[in-house]
Structures are given as structure tokens and as C-alpha cells.
Amino acid sequence: MADTDIAQLNKIAAQMRGKVIEMVAASGAAHLASAMSCLDILVAAYWRILKLDASTAAHPLRDRFILSKGHAASALYAVLAERGFFSKDWLESFATHGAPLAEQPAPGCAPGVELATGSLGHGLPVGAGHALAAQIQKHDYQVLVCMSDGECNEGTVWEAAMFAAARKLQNLTVVVDYNKWQATGRSNEVMQLSPLREKWAAFGWKTVEIDGHDIAALIDALDRSKQEAGKPTAIIANTVKGRGVSFMEDDNNWHYRVPKAAEVEAAKKELGLL
Amino acid sequence: MRNAFADEMLSLARQDPRVVLLSADIGNRLFDKLKAEFPDRFYNCGVAEANMIGVAAGLAQSGLRPFCYTITPFITYRCMEQIRVDLCYHHLPVTVVGTGSGLSYASLGGTHHSCEEMGMLRLLPGLTVGGPADAPELRALLRDSLNQNGPVYLRIGKKGEPQMHRDVPALKFGQSIMLREGSDACILSIGTVLPVAMAAAEKLAASGISTQVVTFPTLKPLDEKCLQMVFSSFKVVATLEEHSILGGLGGSVAEWKADHPELNARLVRLGTPDEFLHLTCEQEEAREHYGLTAEGIAGRIYGLIA
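Going line by line, the protein sequences match chains A and G. Using numbering that gives the first Met the number 0, the letters of the first sequence correspond one by one to residues 0 to 273. Using numbering that gives the first Met the number 0, the letters of the second sequence correspond one by one to residues 0 to 305.
Everything labelled a hint here was simulated from the structure, so no lab data went into it. Backbone N, C-alpha and C define an ideal beta-carbon position, used for all residues, glycine too. Careful: at least some of the hints might be erroneous.
What the hints assert, rightly or not - Only part of the chain A face toward chain G is listed, based on derived beta-carbon distances under 7 angstroms:
| hint | residue |
| --- | --- |
| 1 | Ala-6 |
| 2 | His-121 |
| 3 | Pro-124 |
| 4 | Ile-135 |
| 5 | Thr-155 |
| 6 | Ala-159 |
| 7 | Phe-162 |
| 8 | Ala-164 |
| 9 | Gly-184 |
| 10 | Asn-187 |
| 11 | Ile-218 |
| 12 | Asp-249 |
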């Protein structure tokens, strides 16, 4: 892929981060840092991987993207609006009274939102159902599930992992946004998560570990996952919580904190948006 | 009843290409015919019930009509949140079938009993909740499941339940059927305890109390037309269930009656008390333990009328 192309996608990702910061600042919603850690994954998927656009948002043969870490919904909304699934005006009213877009997605809240998530450990079982449906109906769409590392605490994740491997759901790919934090502590201390890649491999998945902020690497890994025969793929994407803004990076206070006006300005400057 | 379930699923699979059956490592050989005829329409999801419900949600979102099957406590209590979020919040047409409900597996201990699950599940918005009395009622409700555009829960027995209907009745969700006419008392019965209601009515008749028996296979939505009629016509209306008197049919009808203070009939709730059963016993003995016998029920109703 041409460097200019990647540079363009990095610029889009920076714009999306700026948008998410504005949405959180305006609404007082939580989980800003979680949204920022998965943004490059979403940009790679929506700009280069998914056979999905606004006109096919409800098409039976569309590729599916499930944001299982529903607390990062602001990132998904920003990306979907940018891709034209719905009006960017909706981002302005994010998480305000009566708005279409709640802090975490409701069923059918907006075109392109596949699942109401927010309770962790649901996206992968449902994603496995979509992938199995393709097998049954002899369709060839792909299912991509983005999960958080803290979410791997949930038992249903591993139930689904065993199920997907047993059913050889090769059209199913998980990206774990491995930012090393969960709500109240390090994700390797709260529970024994490590070695995460080996866990997925032991569950019968094809695995790959990459820098989750390297968009070229993400595109490459997602592309390869489509060609994997007989196994689902787990991409362990090493990320930084709050990525893109120095004073938010790897500081878990930003799991819940809302930036003040001066912080919004400083953040946007760092992102090259001002 | 479970044989009728397997047979009816085969027939539904033949009629409707969207039908997919998921089980959680139960029903050894029960689904062999379905598996042989439709190898890609049956999946043993392993001892992982919560994942099974999520998978069913994904299948339904992709246009299929999944049925999920395993032992009642595991497919209900263990999966409450998956049923609530994946199925009910998204209002997906998935039918959840719990086998060996109530005290069917009395001898296996409290882990296998389910006397609270109807009460828990009926609180979930948009969930249809049913408890067929016998194989023909089960077949009718399975067929009607495919007419629903949202989730359904069915609690069924295990095997050898007496057949109360000669043929598959014309029964839809939300309807009840009068099986015995009477004029003094009325028993509304949900599930496989129905033969006990019929026997109790026979005993009451011998004591000069004419008792109507209604099979009431849908807990939600309630057949309100029937409730309106029986609470206007009888001195005593009894609810009967192999389930706690809290939250199930008795609980639902008590709530309904609170909203209809103009109706004079006395309500009596017959079921299991608010406790775990610690007695080592078979289903029949468990029913005796809780007075869910013809004598026990007749005695309760007789005491209120005579």
C-alpha cells in the first residue's frame, strides 16, 4: 500500500479522535480513552476492509462489524457518520436527551450499528451466530468483532472461542484492542490475561499480534484473516489507551474523565487539527 | 414430551428452511433424524448455554429461526442476561425450550429443579412465555412460535406425560382451552400438572362441587378474556402450576386481579412454596410433598367453598 494512502488514513484517524474528544466533552460521556485506543482498528476496517457502505447497511450479504466493547461507541458513531451511514449532525447530539445516539448503542439506533452492546462478552457469541448463518446459507460475508482486553474476563468469550473453532468459522475475525487496562486496573493484574495470543491459539484460532495503531499492519492482518481456511482469526492489536494525546495516553483516569475546554484545545493541537 | 419435541422440530425443519436447532450437549440420539436429513441445521453447542443463546441471536439477525434446547435451569437461570439483552432487547425471533421443567428432575436435586424461572422470565419485555401440558399442546405452540416476530420461552416436561388432547389442538399463544365444564370453582392449570387438575375436579364433583378445568398454556401474554370470564362466573378460581406461587401463573393472575377489583371470585394459588426442595424424591413424591395431588387440590378448593 502506498505511503500516501496510509498517511491519509492516519489523518482520518486523527480527525476521528478529535471528533470523539469533542463528543465526550460536549456530552460528559465516559470511556474517552477506550474509544481512542480502538480508532485505528475501526479506520482500517471501515476504509479498507469491510464490504459495507451506507447503501448496504442492511443488506443480507454485507460484511458485519460488531463493536463488542460498546463503551467505545463514540468511536463507532464518528466513523459511521464519516462514512455516510447517517448525518454528522447526530454526533452533535450524542448522549443528550432524546438523541438517536446513546452513550452505548441501542438496538437499531442507527444504520450500521449491528448490535446493542455495552454488557461485555456478547459480541463474540452473536458474531459467531452471524458467521454460522453465512455457513448455513452459503454466503461469503465476513464477520469482524472488536473486543476489549478487559472483556476477555467474560466466560462467554471463551465459550464462543471454542464454539467458533469447532465450527471452523473461517469467516469470523476478532480484534482484541489490547490496551493493557480495564476499568480499575491493569488487565494483566486484575485477571491473568497473559499470554493472550497463546490463549487464542490454544483455543484453536489462527493468531497474529500487531501494533494496533499501525494502520498498514491492521489492513494486512485483516486482509489475511479473510484468506485463512478452516479457522477463525484472532488479531491481538497492541494499543495504548487514550492514544493520540500525550496527557491521556496510558493514563487510566481517562477511562472516565471528561476533558475541559482547555484540554480539548490542547488535544486537538497535538492531533494536528488546530 | 421430548420425543414429540424432536419429531415436531423435524417436521418444522422440513416445512421451513429457516429453522435451525441448537442444543447444549443434551438429547443424545434424540435428534438423529433431523441431523441425518439436515446436517447443517442442527448444532450441538456444547455445555455452553450462554454462548448458545448469543449464537441464536446472530442466526436470527441473519434471517434464520433458531430453536435452543436444553435442561430448563441451565437454559434459563444461567442465560438470563443473554435472553434479556441478545433476544429480548433486540426482539429477535428465537424460541428457547427448557426440558425437564419444574420438578421433572426432582431426583437430581435442586440444581436441576426450576420452580422460579417463569417468574423471572415473564418480566422480560417482549418475551412470550408458555408451558404446554402435553405433546399436542407442545406441537401447537412450536408451530405458533414460527408466527411470532419476537422471542419465545417454552417450559416442557421430559417423557411419559399423559396425553390430555387426542389431537393437536387449535391453540395459539395467549389462548387457553376449557377441558371440563363446571359452575362452582375453576382451576387454571399451566404445564404438565394438568392431569392432577382433572383428577381434582373429579374428586370435587363427588363432593358436590362442580369444577371447571382450563388448560392455560401461555403465561405471557395472559388470556385476559378467559380471566375476565372465570373471575366473573365462579366463587373460587385456583391457579395450578409446578412452579412457585410467586411470579408464575398464580403471581400473574394475582397482579391481573389487583387491577380488576370489581371481580368477586376468590383466587387461590396452588404451586410450590418459596423454598428449595431438599427432599430426595421422584417428581410424583415431590408433588405429594407440596400438596399438588388430586386430594390436596380438592381439599384446598373444598375448604374455600363448602
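Which hint numbers does the structure go against, in order from smallest to largest?
Violated hints (numbers, rising): 1, 8, 9, 10, 11 and 12; every other hint is consistent with the structure.
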